[in-house]
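> Below are the chains, spelled out letter by letter.
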Amino acid sequence: DAGVTQSPTHLIKTRGQQVTLRCSPKSGHDTVSWYQQALGQGPQFIFQYYEEEERQRGNFPDRFSGHQFPNYSSELNVNALLLGDSALYLCASSVIGRENEKLFFGSGTQLSVL
Amino acid sequence: GQSLEQPSEVTAVEGAIVQINCTYQTSGFYGLSWYQQHDGGAPTFLSYNALDGLEETGRFSSFLSRSDSYGYLLLQELQMKDSASYFCAVRDGQAGTALIFGKGTTLSVSS
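Line by line, the protein sequences are chains A and B. If you count by this note's numbering, then the first sequence holds residues 312 to 425, one letter each, in order. If you count by this note's numbering, then the second sequence holds residues 22 to 132, one letter each, in order.
Just so you know, these hints were derived from the structure itself, not from any lab. Mixed in with the good hints, there may be bad ones.
[As the list claims (entries may be wrong)] In silico lysine-lysine, DSS-like type, Cα no more than 30 angstroms apart, as pairs:
1. B:Lys124 x A:Lys337
2. B:Lys124 x B:Lys102
3. B:Lys124 x A:Lys324
4. A:Lys324 x A:Lys337
5. A:Lys413 x A:Lys337
6. A:Lys413 x B:Lys102
7. A:Lys324 x B:Lys102
8. A:Lys413 x B:Lys124
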């Protein structure tokens, strides 16, 4: 049973560019959450997708957008990259209605903005 | 909004016991979770407390006091492999079900 998979594992971009990160949830999971983790900090919630819609959003600008596909996989898009967007981007999956259960995280995408 | 406070660093030696505290403020409370993250790795679930009291899972235990908005993670018989960051997390009670994490506690275990 595959867990949460993310691609790519590492990415280098320059300021102003756009980036797309991808996530496949754990089998049987229908909800995907995205987090940004700066070095030495805890994961910061970006947004959550369920039934192909953004269900909840954290305190992130509109430059951050996402999508969920019918197969529950998800993408995170960041436009007009800033140096401060350099971070580890984590995807986590869960099952709606079973929020008290644990989140399963992918290993993340390390984004470096130069 | 929500906020969580936990110590930034804790050090201990192999075989010792260490306690990592977490205090939280939320508009609605749906339980306190703990996650472990090794350098460069994915956070992994350790424990979840919805009710007051102690939950034990092997060498790790977690405690919750809802009246004090306080919990802790207790790690016993420490091993070198326990060196990692530990995060407490609560649900975003006001807006839904997003899990909100603290800044994390870095545990260093030495021999």
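> Are the Cα atoms of A:Lys413 and B:Lys124 separated by 30 angstroms or less?
Between A:Lys413 and B:Lys124 the Cα gap is close to 19 angstroms, so the pair holds against 30 angstroms.
> Between the alpha carbons of A:Lys413 and A:Lys337, is the straight-line distance 30 angstroms or under?
Holds. A:Lys413 to A:Lys337 sits at ~12 angstroms (cutoff 30 angstroms).
> Next pair to validate is A:Lys324 with A:Lys337; report whether the Cα-Cα distance is within 30 angstroms.
28 angstroms, holds
> If you draw a straight line from the CA of A:Lys413 to the CA of B:Lys102, is it 30 angstroms or shorter?
The given pair, whose Cα atoms are some 22 angstroms apart, holds under the 30 angstroms limit.
> Take the C-alpha atoms of B:Lys124 and A:Lys324, compute the straight-line distance between them, and say whether it is at most 30 angstroms.
26 angstroms, holds
> Between A:Lys324 and B:Lys102, does the CA-CA distance stay at or below 30 angstroms?
It is violated: about 34 angstroms lies between the C-alpha atoms, which goes past 30 angstroms.
> For the pair supplied as a hint, B:Lys124 and B:Lys102, is the alpha-carbon distance within the 30 angstroms limit?
21 angstroms, holds
> Please work out if B:Lys124 and A:Lys337 have their alpha carbons no farther apart than 30 angstroms.
26 angstroms, holds
Taken one by one, the earlier hints fail for this structure only at number 7.
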